[in-house]
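Listed below are the residues making up each chain.
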Amino acid sequence: MATMSEKPANVFGPTLSRRQFIKAGGVLVVGFSFVGPELLKGDTAKAAVFKNSLDPTLLSSWVEIHPDNTVLIRTGKSDFGQGSTFTAYRQIVAEELSVPVEAITTVVAGDTDRTPDGSGAFDFLGHGTPNIRKAAAYTYQALLDLASEKLGVPKDKFSVKDGVVAGGGKSISYGDLVKNQQLKLTIPVKGDLTSIFGLTIEGNPPMKPVSEYTVIGKSFKNSIISSKVAAKETWATDVRLPGMLHARVVHPKTLGSTLVSAGQLDKTKFPNSQVVVKGNLVGVVAPTEWEAIQAADQVAGGTKWTEWKGLPGNAKLYQHLREEADWTSAPVEKSKTSKGDVGPALESAYKKLSATYQLSYMKHAPIGPTMAVGDVKPDGTVHIYTHNQNPQALRGEIALMLGTTLDHLIVHSYPGPGHYGRSNGGNAGAEDEAVLLSQAVGKPVRVQWMRADDMQWSTQAAVSFSDVQIAIDEKGKLAAYQIDHYMPAMQDDRPLGALLAGLPTMAAPQVHSDGVTSTVNGLEDPWVYAPVPNVMERGHGTFQVGQKASPLAVGLRDHSMRTPGQFQQNYPRELAMSEAAALAGADALQFRIDHASEERAIGVLKAVRDASGWDTRPSPQPDAVSTGSTPARGRGVSLMLRSGTYWACVCQIAVTPSTGAIVVEKYTIAVDPGIVVNPMQLKRNVEGGAVMGISHALLEELMFDESGITQDDWNSYPILTMADIPEIKVVLLNNPKVGAYGGGSEAANALAAPAIAAALHDATGKVIRRLPMKPAYVQALLKT
Amino acid sequence: MWFLGREFSMVTLNVNGVKQEVRAPDDTPLLYVLRNDLELIGPQFGCGLAQCGACAVLVNGKEARSCVTPVASVANQEIITLEGLPARWAKQKGLSAQEAKSTLHPVQQAWIEEQTPQCGFCQNGMMIKATELLESNPHPTLAQIKETFTTSGPSPNLCRCGTYVAIIDAVQHAAAIMAKGR
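Respectively, the protein sequence lines represent chains D and E. Here the first sequence stands for residues 0 to 783, where the numbers follow numbering that gives the first Met the number 0. Here the second sequence stands for residues 0 to 181, where the numbers follow numbering that gives the first Met the number 0.
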């Protein structure tokens, strides 16, 4: 390796410098180093460059340009079905580099030793500037520098098309440009590698103007779909290592039970199995999967646990939250958009709405239960093979649990069943158990949770309730809006196996926990009704239910789920807005338009009005009826701003009063993300979110008693089936003047609930202020 | 027969047109034999209770849930997994060996054209179900498609990502491809 030159060149931002050209391997690889390890927070992430990590000071960290004109990109973000890494990311990089999308032949995602930035698998588009876009933009500038040097033409004379740099009568392809060259760049990167947000590229490289986009906006196909459909993709579930054993975990009897004695294995029936006990963690390991399952069942039958009753149970949940939960230890959060003085306005209201809205716990409920393969090597190196939304965070958690350092950990990331946020804090459930069992038996171990494990031992989306007060003036306008959101800590990132085994792990959610794991309830639902003069939005937080009472420190653990926190806050707001419109004698959709000033908010409302055939009039509808066996029909609307995208949805429903059964007949949704990167992928994401949202709204409620979760399968926790889906209409509003692309994978799942509830009011004249809207609850409401 | 201290049988399985002997206890669910012994990765473990459809295969042309099907019960029966769909179509259409190599089953083609999967974990079962449907009803109505994926099997075929709309689009697309003959 010969250093050809070394000269600093301040390209963009204070710390970008070209340091050296190195003849090595005939590949130009452009990577960026950390500004310095001191920027990394957390004990386990101090060293920026260590073994089994992608050395971020090497040129190959983010983008590789190869002599054959192909491009490789790397991202810490794992795909969870959104498809962004295989569609939008390739389009974004292709755009910034001015190469065809097809030139980006390789996407490396998730693996902790092969990707640079970490972070949870959400907000892929980063409000228009994801890391990968900046990496590509820096790379583009580096390539122009290289071309300028090679061709003797000033950089500003170049234009690039299809990976060919041309200017001053000369031209050269990227491939030829990089032959026998290696460029080393340093750019500023900050953040915490093993946190939920990972690392962020800093600085402001020039980016291609939106007006010149040719690749973004087209429906390129998701490259991983072909291999999945043809059974050619290796899923996490397919990983088989030499000598690997299968395991099942015998989880405790209740969410607070400790182990009295593990059951004896019947060696006559299961001669090849063994039981592993570590604290309250009981695992059964066998050479074949079927023996592991049967042996675990047999051992479970003989395992004795202490009894525990420390949960309020479903029936008393809201009473517990209202009267017994500690809402005083966490500081009350107040939104930045709170303004004016709601007090006097509420006092002097012409009409007033005071109401409480409740949401139940919901499960992420992936189609496949969580699984992982752990492989603890004799030298202390630990490999984990799994489907995880934040492999770097998992790496940090396992290092903490084992008392080792990050350089000993490698997390290999594979496709798996989507679980919608459950592991974006680093674990979905089985990973740490697989590691502990592998450590105990000295062989690779595959832990597969069964359906009941996944229902009863995974985290859930947090329960919440909100108190709303709204004042309407004599002109029918909102004079004051006040909302108080109450929700237990919504993100518990502690790995279950570490808790059961009594090994070191992070603290349970508490007031002063870091960011998302704190008990503080932040405001997550951006205010979109700017003209309202008096606004007060507050968030009240507390500990998870059962967290302190459980001897295992387990209880009902929460974790963010698709549209986390905002689902819990947007549902009460939007249903209250529809109720306020009714109180004012106004049409619910027009009422929103009249209280919005942002053009894009009004735009999605008008779009969804036109596309749904909305009839403008107040609710309830003139023929509203709350009795009888003839279906009553109604419609409702909802609005949300999330991740730079405006969303509005209209649900048209039929409800049969005598049974309480709601059928959503038509679902219309309008989306303005700014720039639409890939219309087909966005449409599919939105449709999926819509279906999940109807499922949330109508069916999903965690059931538990004083000891634990009582649901254990799809019959006891039903989700929407194909027969239940309405006609779904998606309206995409491409809005390039926004200049950025907003997120498209969340929000849709939250919009249905308030719209369906408003539609129920429209149809029957009665308001249900709890989720889900199960037939029994609707029936009971309509009888009142 | 005993092996490693457990009672095993030799079962002859006919999977994707290949006959092979597997050694497993009679009650072993077919799913584990397919995945762990035959290294066929199409069928997935979703619930182990025949409640979701992720593990589906065709047994004698009918959708079956491999997670609750004892391996001995399907000895010598015709089992087709997702991996076997292209060859099944090639045989039905009399495609040459050369053509067959580069041809996916129309259902698979349509699943790609319509960009149906999100996470894709359930889609094995969805494609198996669609194949079963289209072999008996080449032009299903929307109502028939919904019925097929909801009430015709041991349980609804569940998709947590909510791709039902995309599945319906793909079934209709596959029907069109099949009507054209390739």
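These are computed hints drawn from the structure, not numbers from a lab. Among the hints, erroneous ones may be present.
[Claimed, not checked] Covered stretches of chain E (chain D as the covering partner; in silico rule of three or more C-beta atoms under 8 Å from a C-beta of chain D):
id, region
1, 35-43
2, 145-156
[As the list claims (entries may be wrong)] When the alpha-carbon atoms are kept at most 25 Å apart in a straight line, the in silico DMTMM-like pairs for lysine to aspartate or glutamate are as follows:
id, chain 1, residue 1, chain 2, residue 2
3, D, Lys-476, D, Asp-614
4, D, Lys-728, E, Glu-112
5, D, Lys-231, E, Asp-36
6, D, Lys-231, E, Glu-134
7, D, Lys-231, E, Asp-25
8, D, Lys-350, D, Asp-472
9, D, Lys-266, E, Asp-26
10, D, Lys-268, E, Glu-112
11, D, Lys-231, E, Asp-26
No experiment lies behind these values; they were computed from the predicted model shown. Glycine included, C-beta positions come from ideal geometry on N, C-alpha and C.
Which earlier hints can't be squared with this structure? 7, 10 and 11
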